[in-house]
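Undergrad: Put chain B on the given structure of chain A with help from the hints.
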Amino acid sequence: MSMFTPTYLAQQLINALNLGSLYALVAIGLTMVYGILRLINFAHGDMMTLGAYLALAGISALVLPAWAALVLPMLVIALVGVLIERLAYRPLRGAPEVAMLITSLAVSSLIQNGATMLLTAQPRPLRVPSALTQRIAFGDLSIAVMDLGIIALAAVLMVALGVFVKRTTIGIAMRACSENLRAAQLMGVDVNRVIVVAFAISAGLAGAAGVLWSSKFGLVDPFMGFVPGLKAFVAAVIGGIGSIPGAMLGGYLLGFAEVFFVAFAPPELSGYRDAFVFALLLIVLLVRPAGLLGRGEVNRA
Amino acid sequence: MNHRIGWLIAGLVLALAGASQFLLNDYYQRVLSVIAINIILAVSLNLTNGISGDFSLGHAAFMAIGAYTSAVLTLPVRMKAIVLPDLPAWLGQLEVPFVFALVLGALLAALIAALVGTPVLRLRGHYLSVATLGLMVIVQVVALNWQPVTRGARGINGLPPFTTPLWAYGAMLLTVGIIWRVVHSPLGRAMIAVREDELGAACRGVRVFRTRLAAFIIGAAFASIAGGLWAHLITAITPASFSFLLTFNVVAMVVIGGMGSISGSVAGAVLLTLLPELLRRVETSLALGGQPLYGLSQVVIALLMLGVMIFRPGGLFGREELPAVLARFQRRRSAQRQAPHPSPSS
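Those protein sequences? They're chains A and B, same order as listed.
Note that the first sequence covers residues 1 to 301 in my numbering.
Note that the second sequence covers residues 1 to 346 in my numbering.
Among the hints, erroneous ones may be present.
Unchecked claim - DEER-style ranges, computed between Cβ atoms:
{"no.": "1", "chain 1": "B", "residue 1": "R181", "chain 2": "A", "residue 2": "A279", "range": "31 to 41 Å"}
{"no.": "2", "chain 1": "B", "residue 1": "G200", "chain 2": "A", "residue 2": "R93", "range": "38 to 48 Å"}
{"no.": "3", "chain 1": "A", "residue 1": "R127", "chain 2": "B", "residue 2": "D86", "range": "47 to 57 Å"}
{"no.": "4", "chain 1": "A", "residue 1": "R93", "chain 2": "B", "residue 2": "T118", "range": "31 to 41 Å"}
{"no.": "5", "chain 1": "B", "residue 1": "R328", "chain 2": "A", "residue 2": "V163", "range": "53 to 63 Å"}
{"no.": "6", "chain 1": "B", "residue 1": "R328", "chain 2": "A", "residue 2": "A279", "range": "41 to 51 Å"}
{"no.": "7", "chain 1": "B", "residue 1": "G200", "chain 2": "A", "residue 2": "I283", "range": "23 to 33 Å"}
{"no.": "8", "chain 1": "B", "residue 1": "Q147", "chain 2": "A", "residue 2": "F261", "range": "14 to 24 Å"}
{"no.": "9", "chain 1": "B", "residue 1": "L111", "chain 2": "A", "residue 2": "R288", "range": "21 to 31 Å"}
{"no.": "10", "chain 1": "B", "residue 1": "V31", "chain 2": "A", "residue 2": "V163", "range": "39 to 49 Å"}
{"no.": "11", "chain 1": "A", "residue 1": "L79", "chain 2": "B", "residue 2": "G200", "range": "22 to 32 Å"}
{"no.": "12", "chain 1": "B", "residue 1": "V31", "chain 2": "A", "residue 2": "Q122", "range": "25 to 35 Å"}
As the list claims (entries may be wrong) - Covered, in the sense of this in silico footprint (three residues per stretch, anywhere, with C-beta under 8 Å from a C-beta of chain B), are these stretches of chain A:
{"no.": "13", "stretch": "183-191"}
{"no.": "14", "stretch": "225-239"}
To be verified - Output of the computed footprint for chain A on chain B, the stretches with three or more beta carbons under 8 Å from beta carbons of chain A:
{"no.": "15", "stretch": "142-149"}
{"no.": "16", "stretch": "227-237"}
{"no.": "17", "stretch": "300-314"}
By construction, these hints were calculated from the structure, which means they are not laboratory data.
The beta-carbon is built from N, C-alpha and C at its ideal position, and this holds for glycine as well.
So here's chain A without its partners, still in its complex pose (with noise of 0.2 Å):
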């Protein structure tokens, strides 16, 4: 076997990149949202599916150009991110955190079945530009374009985003609400605003991954985004629930794992990816419930 020349390794390190980056994407909003909230958005994978969605009824049926069919899904749904927020979640402001796990568990379910009522659980192939698929030779190494794109463009939006959040006034009072939400409120900073840019930031990015997700993997189903957003939810704990560069680096770890346990496990054991990352999911609450970059606040009973 080739397991171990440098050109297989270097195949494998481009998925892990690969794989990590569209985790790392939708694990930035839900650990956003958590910070700010303390609300586990399950309906946030939904969005990679509506973006997906999108993507495919852009290209197909509007026959927009490839970055279009990206640009055009994340602005909706930001904004589809934005209206969830506004009639689902608000009216539960202040009520017990549980209600508003129990109203995402429900809009998840609502997407996911709204879409097999409507467009019936039959996934859709989606064919992205020929420019995408071609792969470029490094010696031995072949590459896609669009694996190269989907590392390069999640770079440049995680890079954005860390501008953004560093930088603006609405980012810094981001960061202020995730601190202590209630502190922040006294001080004078418009919380509910706050909560609308980083649902509408983490509804954008996870409809961004959706369509990088559905374009590499080629198949739309109403259920698609169900796994991706769970293990997005591994990733947020591993790199310290809240923590935004905890979120990246908890992607990128998780997609080194994953794809290196699918890539040097015994072949029998390639069927249990999933359980694998679930596995280590239970491992890191019981080693390090903080994760690697958080604060800590996670009490212990």
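TA: Same frame as chain A, but now just chain B:
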């Protein structure tokens, strides 16, 4: 509740369930049994999600454990040789009575709940929700890949149809009875204390972690029994049967019935079993553009749940039980009878 009345109701339910086996056709018998199984699921999930205040989403996982355990243990030996030829020899030669299979499944589920609960329940917050959903994915993946025992994606079919309404209602009454006793025991009081104020409970000597773990384990064991009953009702199981959808529906029963109320869970289970059964006809007849509207009943349930969360967060029953609600009604009625007509507003 007055014990004599409780026993009377139980006897009546059992008699009716027994009679239904002679009076009703297969379809109605199955719907009746599904109602009982869903009551077991909802009442046992309520123990964590309503009583001890941890939000578990693991019921599909524990059902799967019970269903597969019971399937593998009760399948007749000559059937096993055909359906599951690669089973380890000792399992292949084993054929266990249904009751023992259910109990063994419950023990296995309890063990796994203890393994998952030990790291997770020490933490605050809703880590349990994610960890139990993760457990669901793990169980599904194992069922999908452990070919010799689970037959992978094809699942196991041709299970003996043990589950009759009598079995289902017997198990249901046992579950409701046991969980009622647990909730009204010192352990149950401790669970409620932990839910209301963890620190306060700890200060009064409640062992918080153990109490939460106990609720989770007991709930898992009963979910496993429901899984076993369900497997032998439908007589075919696949990994895909035990999905998020299943968990979500049980959660919806508990939430709509009223988290923390056993009566509410029973009512929620009855309501949410009958609703999709009625809507199924609409799904197939009310076609949009020639396509049947699959998913409609789930959409209705999701909307119902959103509505409950916003407009009536306590669900149907809040945290009250049926006797308390009835007593309140009675008091109000007698108060109305005694008081003269409300004086006209001046």
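Undergrad: Next, verify each hint and record whether it holds.
TA: Status of the hints after comparison with the structure:
1. Between R181 (chain B) and A279 (chain A) the Cβ separation comes to about 35 Å, which falls inside the hinted range of 31 to 41 Å.
2. The beta-carbon spacing between G200 (chain B) and R93 (chain A), approximately 25 Å, falls outside the hinted interval of 38 to 48 Å.
3. Look at R127 (chain A) against D86 (chain B): about 41 Å separates their beta carbons, and that is not inside 47 to 57 Å.
4. Separated by about 34 Å at the C-beta atoms, R93 (chain A) and T118 (chain B) satisfy the suggested range of 31 to 41 Å.
5. Distance hint check for R328 (chain B) and V163 (chain A): the Cβ-Cβ separation is about 59 Å, which falls inside the suggested range of 53 to 63 Å.
6. In this structure, R328 (chain B) and A279 (chain A) meet the distance hint of 41 to 51 Å, their C-beta atoms being roughly 49 Å apart.
7. Hint check: G200 (chain B) to I283 (chain A), Cβ distance near 32 Å, so the stated range 23 to 33 Å holds.
8. Distance hint check for Q147 (chain B) and F261 (chain A): the Cβ-Cβ separation is about 20 Å, which falls inside the suggested range of 14 to 24 Å.
9. The hinted range of 21 to 31 Å is satisfied by L111 (chain B) and R288 (chain A), whose Cβ atoms lie roughly 25 Å apart.
10. Between V31 (chain B) and V163 (chain A) the beta carbons are some 59 Å apart, a value that contradicts the proposed interval 39 to 49 Å.
11. Hint check: L79 (chain A) to G200 (chain B), Cβ distance near 44 Å, so the stated range 22 to 32 Å is violated.
12. For V31 (chain B) and Q122 (chain A), the hinted distance range of 25 to 35 Å is satisfied, since their beta carbons lie about 29 Å from each other.
13. Given a C-beta distance limit of less than 8 Å, the hint that chain B covers the stretch 183-191 of chain A is violated, as 0 residues qualify and 3 are needed.
14. Counting residues of the stretch 225-239 of chain A whose beta carbon lies closer than 8 Å to any beta carbon of chain B gives 6, which meets the minimum of three for the stated coverage.
15. Chain A is given as covering the stretch 142-149 of chain B, and this holds because 3 residues of the stretch bring a CB closer than 8 Å to a CB of that chain, at least three being needed.
16. Residues of the stretch 227-237 of chain B with a Cβ under 8 Å from some Cβ of chain A number 0, which does not satisfy the need for three, so the listed coverage is violated.
17. Here's how the stretch 300-314 of chain B fares: 8 of its residues keep a CB closer than 8 Å to some CB of chain A, so the rule of at least three is met and the hint holds.
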